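Trainee: Kindly generate the complete structure, drawing on both the sequences and the hints.
Residue numbers (the numbering used here), protein chains in the order written: chain E, 164 to 632; chain D, 43 to 501.
Hints listed in this document are in silico derivations from the structure and should not be mistaken for laboratory results.
Because the structure is a prediction, the values reported are computed rather than measured.
Just so you have them, the derived chain D footprint on chain E, three or more residues with Cβ under 8 angstroms:
no., region
1, 407-417
2, 471-484
3, 607-616
Note that CB positions come from ideal geometry on N, CA and C, so glycine has one too.
One-letter residues, chain by chain:
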Amino acid sequence: MPSNGHNGHAAEAVVLTQAQVQEDLQEKHERSRGQTFRVAVGLFSVLLVLGIIGFILRVVDGVSDTAKWGYYAAAFAFVLSTAGAAPMVAIAPRIAKAHWPRPISRSAELFSIVGLFNLLVFIPLLWVLPPLEQGRRTLWFFGSVGEPVPNYSPHIWATLAMLALVVVGVLLVWMSALPDIAALRDRLPQGTRKQKMYAWLARGWKGTSAQWFMQKHRLGILGAFYFAMLIFLHFLISVDFLMTLVPGWIDALYPATHVANALQGGVASVMLTMVIMRQWGGYKNEIGLDQFWGLGKLLFALSLLWIWFFFSSFIIFWFGKKPNEVSVIELFIKGPYLPIFYAEFVLTFFFPLVFMIWNPIRKSIWGPTILSIAVLAGTFFGRIRMYVASYSVADQSALHAIETVPATVMPGIADVFIVLGVIGGSILTYLLASRIIPIMSIWEKKEMLMYEVHRPLHRIHVRILGKPD
Amino acid sequence: MQEHVQLNSKEVNDILLKDVLGMPKWWLPAVLFFLVVFLAGGAAFGYMLNKGVGVTGLNRPVMWGFFMVNFVFWIGISHAGIMISAILRLTQAEWRRPLTRAAEVLTVFSLTSALMAAPLVHVGRPWRAALWVFPYDFERGVWPNVRSAFVWDPSAVMTYLTASTLFVIIALLPDLAIIRDRTTGTAHKVYSLLCLGWRGTPRQWKLQAVAGILLSALVLPVFVSVHSIVSWDFAVQVGVEGWHSTIFAPYFIIGAIHSGVSAVATVMVLMVWLYKWQKILTPDHLDAIGRLLIIVATIWFFAFFLEWVFALYTLEDPELALRELQVFKHPWMALFIVFLITAYFFPVPMWMFKKVRRNMFWMFVTTISVNIGMWLERFLIIVLGLARRQAFTFDWGTYHPSMIEILMVIATFAWVMFGMLVFAKVFPLIPLFDIKEGMVGGPHKIKIGRKEIPASIHE
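Mentor: Structural data, given as structure tokens:
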């Protein structure tokens with residue numbers, strides 16, 4: 164029996180035929196609307212309602228005091244970091260032609276649908292962010308180099324970038340799911356509302372060679388474009404919606420740190436989704452050690468990348484000791500948010516380092532899972548630390564340094580509701596999207612069967628994996 | 043140019059050991075030429091020791107010139123070895139096999155070149171390097187300042203050199219045993235000594251494989267720290283505009299990978315041209331390295347973009363003046379344009395074409411172009427940062443490198459070429475065992491419909 168395990172691990176599943184894979188996964192998609200799903204939808208709907216209440220409470224206070232919107236901005240940034248970056252788990256290995264992410268690529272891509280919800284969350288921030296005429300710095304060099312740029316340049320460009328990311332993300336998941344949508348169209352009884360919806364979404368997919376070629380080609384282009392937009396959006400948000408609010412915070416590396424942290428959060432989100440699918444979604448045979456090991460290594464590497472970026476910025480400020488640098492260290496690290504910094508440091512870097520270096524933990528299912536929860540919590544604390552601190556700076560018009568480091572802003576009941584609502588709404592969006600689009604890519608699982616061959620080599624059996632040009 | 047050729051062990055040995063056990067006609071003249079150039083650089087160094095650093099073009103305010111540029115450049119090239127060997131080994135990229143050793147050897151000789159450029163030559167009084175290790179004045183408590191990047195530098199570079207040398211030695215052991223078994227007399231004795239009793243037992247193979255993986259994992263932090271520290275030589279200073287930037291460490295590292303991997307591609311082409319290893323080094327390998335270079339170059343360009351954006355974002359007059367000097371003032375403007383074109387805008391669009399990536403000549407041209415650009419990049423960072431005319435200073439000099447400096451810079455290039463050629467004469471420049479491992483089990487192809495696609499073994 165050919166092994167489906169990893170490095171001598173026991174086989175976890177028998178090799179199925181393409182027809183069996185198709186039948187099995189379609190059937191799992193259809194029956195995933197059970198009691199657990201309904202309870203989850205109910206729970207996250209309640210959280211979303213709480214979030215709306217929190218938002219109304221916050222709006223009543225007005226938008227002129229940015230300090231009151233710090234937690235709101237942090238919640239938005241957290242979802243952008245986790246759900247926004249999660250599709251990269253599907254995109255990057257696909258470009259590298261790796262096979263191990265096939266069972267989880269769709270669950271990663273589906274996170275791009277959450278972008279639709281986060282786009283709604285983003286809109287109020289456009290009112291909160293002060294216009295350029297109030298004298299704060301900007302990426303767009305308002306009034307400093309050449310002709311003045313429009314007063315709302317950061318708002319306009321960030322909105323366009325956000326829209327572009329969401330549109331590309333939705334197109335990506337739709338393009339990826341086309342063959343599976345067509346299969347569902349053909350499986351459902353003709354003329355039903357659901358069948359009509361799938362027929363419309365499938366856009367006449369018949370699986371011809373030209374259609375497959377087109378789909379692969381566009382998946383590559385959309386993936387590359389999504390990545391470029393993700394980087395660009397993080398660059399805009401981390402500068403114009405964050406850095407420019409703190410006079411004297413000049414950190415050329417921070418946009419990259421923001422992205423690295425987001426990729427960490429994205430990988431952790433997919434890992435957590437994998438566990439839920441495996442334990443409660445009925446996908447135990449499809450999602451195995453290969454996927455956890457692959458993502459675990461990635462998570463470990465990204466944790467090291469994050470600390471390197473963080474330290475590279477820190478050491479320059481610490482050595483430089485210019486007044487603006489001293490105040491930035493005071494604001495974000497040593498001062499009012501020191502406990503949050505410790506929490507972020509331990510959860511985002513220290514735990515992954517000390518645990519993931521051990522083979523038995525790295526090559527397990529629960530080890531990387533627990534660490535992914537730690538990384539998600541660390542990312543959340545990180546966003547709180549940076550956004551709440553930045554939004555609490557009162558005078559944003561000083562040119563070279565903040566004059567007084569503001570005190571800690573503690574969350575009120577509205578902030579707690581908002582954070583719960585944003586996270587709950589994101590998960591609810593994901594759950595509802597998974598009802599329409601199969602959470603596991605059926606065609607990618609079937610394609611894998613063609614690329615995988617088991618052959619004897621001397622006295623052992625080896626797995627030979629093909630890599631297409 | 044042919045694609046993958048299935049070879050048996052004997053054929054691999056014959057192809058790769060031909061020039062170790064024999065000697066190509068061009069080898070001796072080439073080695074002598076590089077030796078003479080290197081010795082000319084040595085003579086220039088002797089002259090500088092005798093007369094003092096006044097014979098260089100260094101003058102206030104530009105006290106860091108060609109030597110430091112060259113130091114950073116060679117440290118950058120040295121990043122090739124670990125990028126190709128450690129990272130590609132850990133990610134099990136099949137195409138790494140013929141490239142690893144050349145990349146590792148390039149790392150070792152680049153590092154020795156870097157050590158020559160900075161601690162030995164740049165300081166002017168190299169014997170004082172010993173005082174970094176043994177402080178010269180115990181009485182008055184004068185110790186090297188461990189908080190200085192200049193103390194971290196030699197520590198990091200020496201650690202990297204040690205690790206890289208170990209990397210080369212561990213991977214060489216099985217190949218040395220093969221040469222031992224094919225030589226007689228003194229050569230046989232020397233190779234017997236070098237291969238440390240390698241017999242190819244299962245235990246030895248296992249230890250060698252584990253050592254390779256462990257070294258790969260352990261050397262990666264060293265690899266990152268080396269160029270980070272080199273970047274901090276500059277970035278921790280607040281006095282020089284353009285240097286005090288948080289992006290410097292990642293910017294230097296990715297720039298180093300860009301130039302280092304390009305250098306490996308250049309060496310690959312030279313290996314095919316000089317040693318006729320077309321059956322081992324195929325266009326597939328060039329194609330893979332070309333695709334890797336597109337990604338690396340684009341990340342580097344993004345870091346360059348961030349560095350520039352945030353330099354302008356400071357809105358500080360000295361910083362803006364420096365950028366103006368780089369882009370609008372003669373002759374720096376011309377160098378800046380050449381730098382941008384050679385480092386990115388010429389090679390990357392070229393690599394977009396598969397035909398270019400698979401063509402030896404064009405890969406040679408484009409990768410040489412990258413390293414011209416990357417050398418200029420370091421020059422523009424280091425020299426211009428210092429050359430900007432500041433207010434209230436009495437020295438408004440600029441920098442013109444002297445012949446002595448130029449000779450010494452050329453000598454470092456000659457040293458690396460000399461070292462690589464001598465190494466290739468004594469040891470195989472492509473790991474025999476790695477190539478054979480890649481050939482195990484026959485040509486890996488999987489048939490899908492009417493098409494055969496390449497495949498690789500997974501446990």
